[in-house]
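Participant: Here's the letter readout for the chains.
2 protein chains.
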Amino acid sequence: MTVTLIYLDPDSKLNLQSQIRQKLVEAILAGTYAAGSKLPSSRKLAEQLGVARNTVVLAYEQLIEEGFLESRQRSGIFVNEHILAGRVGFHGKPSGKAILDPRWSKRIRLKTRTGTQFHWPANWQRYPYPFIDGHFDSSLYPATQWREASRLALGTRIIDEGEGEEGHADYPALLEEIRTKMLPRRGITARADEILITLGGQNAHYLLARLLVDHTTTVAMEEPGNPVVRQLLDQAGAQTIHCPVDEHGMVVNSRLNDAQVIYVTPSHQIPTAVTMPNQRRRALLRQATTHDQLIIEDDLEHENNYLGQPHPALRGMDRENRVVYLSALPKVLAPGLRIGFIVAAPELIRQARRLRQVVIGRPSMITQTTAAFFLSLGHYDAFMARLHKTMGQRWEALRQALNHYMRDIEVELPTQGGTALWVQCPAEIDVKNLVTEAAKRGILLEPDSHYYSDRQHPRSYFRLGVTSIPEQNIREGINQLTRLIREMCTDQIPHMDRNDPALLNAGQLLEAMRGATIMIRTFYSDPCTIELHEDGKMTGRSGHADEDCDTGKWWLEGNVWCRQWKHWGYGDISKLQVTLDGDHIRWWRPGGRLVDAGILHRKKC
Amino acid sequence: MTVTLIYLDPDSKLNLQSQIRQKLVEAILAGTYAAGSKLPSSRKLAEQLGVARNTVVLAYEQLIEEGFLESRQRSGIFVNEHILAGRVGFHGKPSGKAILDPRWSKRIRLKTRTGTQFHWPANWQRYPYPFIDGHFDSSLYPATQWREASRLALGTRIIDEGEGEEGHADYPALLEEIRTKMLPRRGITARADEILITLGGQNAHYLLARLLVDHTTTVAMEEPGNPVVRQLLDQAGAQTIHCPVDEHGMVVNSRLNDAQVIYVTPSHQIPTAVTMPNQRRRALLRQATTHDQLIIEDDLEHENNYLGQPHPALRGMDRENRVVYLSALPKVLAPGLRIGFIVAAPELIRQARRLRQVVIGRPSMITQTTAAFFLSLGHYDAFMARLHKTMGQRWEALRQALNHYMRDIEVELPTQGGTALWVQCPAEIDVKNLVTEAAKRGILLEPDSHYYSDRQHPRSYFRLGVTSIPEQNIREGINQLTRLIREMCTDQIPHMDRNDPALLNAGQLLEAMRGATIMIRTFYSDPCTIELHEDGKMTGRSGHADEDCDTGKWWLEGNVWCRQWKHWGYGDISKLQVTLDGDHIRWWRPGGRLVDAGILHRKKC
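Chains F and L, in that order, are what the protein sequence lines are.
Those letters in the first sequence? Residues 4 to 608, per this note's numbering, in order.
Those letters in the second sequence? Residues 4 to 608, per this note's numbering, in order.
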């Protein structure tokens, strides 16, 4: 039975019995007394309220009559099970509260703008093709290992220590794990007093923005860039310089000169996922030295490197303590663990610690202990290895699907890497429209507009992520997406002209193709060479170092040329018509669209 | 073996070998490569860095020579176990980072002042007499129940939901538990959209201060009052009106008129622990209506009511939605759980939710789920009942000890209730001094200065808390504290004059005392009546309704009067000399200090 305090107002115009009735009705309608729950006996309630028992009895009787309560023999008084059943749309609004709604706008001093960020639908997990970056399907959560670490942490004697003059110290074992296991992976050496643990990446961003930015500060950030940072700079009233991003990340030039703080995502630029090469990193550091600037290095995406050798963080290259580094434990752990960290000069860390004390008190000690166990048991390394493997496979599946299905659509992929692709779709397509239509077909895409300072002029990019889509759904998702894009821009794609004099018939086909070598480009502009052997077999080599090879067969069916790879193109049979203009070969879907084009070398006889 | 990224700078004046050496030394000194840990083989490192193997071999050799590394046959290269042993006070500062120290002060835009709050020593748990309020000895932590709730939460499928336009929703089951189990105890009815979950009480304070206060706002707060709030108002640049506190809490008068926001702690005033009676609560609400003000009701201490019927929260009495209520789950759970909540108008909650999204992202879902289980399993109610029992016992022990030991010291106790006592000590004592001296004897007290806006003029109060001192240590702690106070103000206490003509001898004593009734006041100014029966027994009745009774015996030893209660005074024997001046009776330690005084009624013959 719930203990409920009822306040009786001696100044009220209502008598005690009516007040009791009114409060009980309020509590029942608000669900404080749930349907079917038992109420205190009239004797008990009367005692508690300091009123005559009869006052309560009469109030109860009237409520029974009105159907709010029911009396059950020898059991007591209960809330009527069905009392809320008929009240469609009733939200339990207590009666009698004067509404101050119109006045809150003048009372609230700090308003947080909405609409600055893109939000996936809350039920994204029900979509078959969620090309999301940043949410993780629950299969990735290392539940067993996390439970083990939790069990150990719960068995640890947690010391409720005093916080000290400078705010709470962090849990030394966790600091040590970050210092000796996570930071060295990023080429960073840091002492304990150069690290602050935060409540995840967002909290790290917030603390740094509060510490380093106000309305007098000019901050340079990437365009397109991280909307989280854009929102914080906006709230701080900072001046913002929007710096373009090319295939090497933020462009370093005189545009940066006026900034006091440069915000940058060198390891995986947000949103394009390009990686800044060392040469530009050095240029950026020189720029900061010359103009006496601070750099905030957002390395939250560092975990998403599945390709090639990682570059060390800027903070690892910095000899002048100008770089303020922020990162976090992997986001896939976020449901149980939001732990981020800032690495910077001790002076800044000291102030950040004080501010953290004011903002959140201290990050939960049990969470910190759990994280320390998770790292020290080696679960982190094992988990990262597994995550990389899964993400690498999904990423490869996405690349393969795009290469297979989007060959006949002109889309531009300015970059690659990590868990997301930044795709430019045909100019005639309105990205917002595409995102909406795709969602109707079960495909979730992220539009581009919230990454730009000027949201009115989107650049017709969208983002495809793989952190939450099962590998086996990627192919069909891209297949469906390709169809949708085709429907939305019918006119752009060349169609076959049946009267094209260059259209090859069966005899011409055989002559042209047998023993020929064809050079094409993949969807990603990698070179690809296909040799058509005379015996109907074929060999394909793709990539700058021929790193991807496959074999297959080709044959004719009338004037249709057929091919089937062992692995490429999912091993499907493609049936195509061919035109040849000099050595310019083009494949068409019979009677339909252009599929691919290349250069044909005939074997010298 | 730790994976460490080493960055080689092509612009460096050092050659590759020297750079490798330098980076390795840095990593060893900073502990990134721990003493005794194994390094990668020269072949592997050379491969990773893209340098000739010999470059690494030479760097390793030199480091072996210098004693940083050691080569173990057939095992590899290791960091010398003893490398850091001789370096007393070495903190692993990497060489070569230019120090920007003097310049941070101009770069940091928001500085958090320290020294605004009092901090217990970090090792408070080692003090035998920690009269602390707010930290809890670990015996109180409901470890078993918490583990059960954690286990269940870890077994729950956590949905990583999208955050939505307005920020993350709270975990519905936890909201429901707060709404239907916690708030009704405080007389509050609230819908789900009137509640926001925060990261503990501090975070709730922070969000409200950011939302409702800026440099244009005038806020009224109690004096003495909560230093947490003082610090936040200070940081926001608000105007503050300091309102005096009397035995009924914040004084409500015209001083409040100019405030837009009134911050108040009605259930247990911080720090005095007085409770605001209903009449003043109504006056405060009327004040807010008349002057169109908001009230922030801090109910974080609500759990600490061990005496009498609780008053409902202001929020429960408010009919105009002017009261913004904040509270939290009990602080004793803080090591694992920092969950606070704000209850207010939906308009404010909406903005608070957006701000929370910016500040911390979302409170951990596993923590929220654990808390929901803890509440729904009934652990919360059982735990609170146990906590109340323990605190009630400690509180009683503290009262008893003060009554016993401090009878002969003039200290003023303006109030009572909860887990702490606000004690005014003799004016001649410097409280800071007292706190320092007490700590040397193992007694921790909280001084008063940080509760006042004007810290330069402390009022010679100190605070005695019982949340972390075991019941059995309270008596001795107060005994020791009394001795210390006596030492620090020898001259104030009257001493017996052996030539006092009113000093009773054996015969006079017997005549005066036998059958007499003596009226005294307890340390808490409660009336106390002692009847001395002729047969040497005695009866005592204390309190306004004689709620505390005891029996004992009295006898004479020469001209010393002896007494022993069964329970009172720990059942100790007191040996006292007596003076009688009319009906004014005084007891003295033989040859020494005044112990107590009262009125003696002789039995009518």
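A couple of the hints might just be wrong.
Chain copies aren't distinguished; within one or between two, either way the pair holds.
Think about it this way: if two alpha-carbon atoms lie no more than 25 Å apart in a straight line, the pair counts; the simulated PhoX-like pairs of lysine-lysine are [unchecked claim]:
(1) K556 <-> K540
(2) K569 <-> K556
(3) K556 <-> K184
(4) K578 <-> K16
(5) K569 <-> K184
(6) K184 <-> K41
(7) K569 <-> K392
Worth flagging that the hints you see were computed from the coordinates, not collected in a lab.
Participant: Are the CA atoms of K556 and K540 at most 25 Å apart within a copy, between copies, both, or neither?
Facilitator: within (4 Å within a copy, 116 Å between copies)
Participant: Reference check for the pair K556 and K184, CA-CA at most 25 Å: within, between, both, or neither?
Facilitator: Close neither inside one copy (50 Å) nor across copies (71 Å); limit 25 Å.
Participant: Is it within a copy, between copies, both, or neither that the alpha carbon of K569 lies no farther than 25 Å from that of K556?
Facilitator: Result: close within a single copy only, 8 Å intra versus 106 Å inter.
Participant: Please work out whether the CA atoms of K184 and K41 approach to 25 Å or closer within one copy, between two copies, in both situations, or in neither?
Facilitator: between (56 Å within a copy, 14 Å between copies)
Participant: State whether the alpha carbon distance between K569 and K184 is at most 25 Å within one copy, between copies, both, or neither.
Facilitator: Cα proximity of K569 and K184: none, with 42 Å in one copy and 64 Å across.
Participant: When no copy is specified for K578 and K16, does a C-alpha distance of 25 Å or less occur within a copy, between copies, both, or neither?
Facilitator: The answer is neither: 87 Å in one copy and 61 Å across copies each exceed 25 Å.
Participant: Go through the copies and call it for K569 and K392: within, between, both or neither, with a Cα cutoff of 25 Å.
Facilitator: within (23 Å within a copy, 75 Å between copies)
Hint compliance for this structure: hints 3, 4, 5 are not met, and every other hint is.
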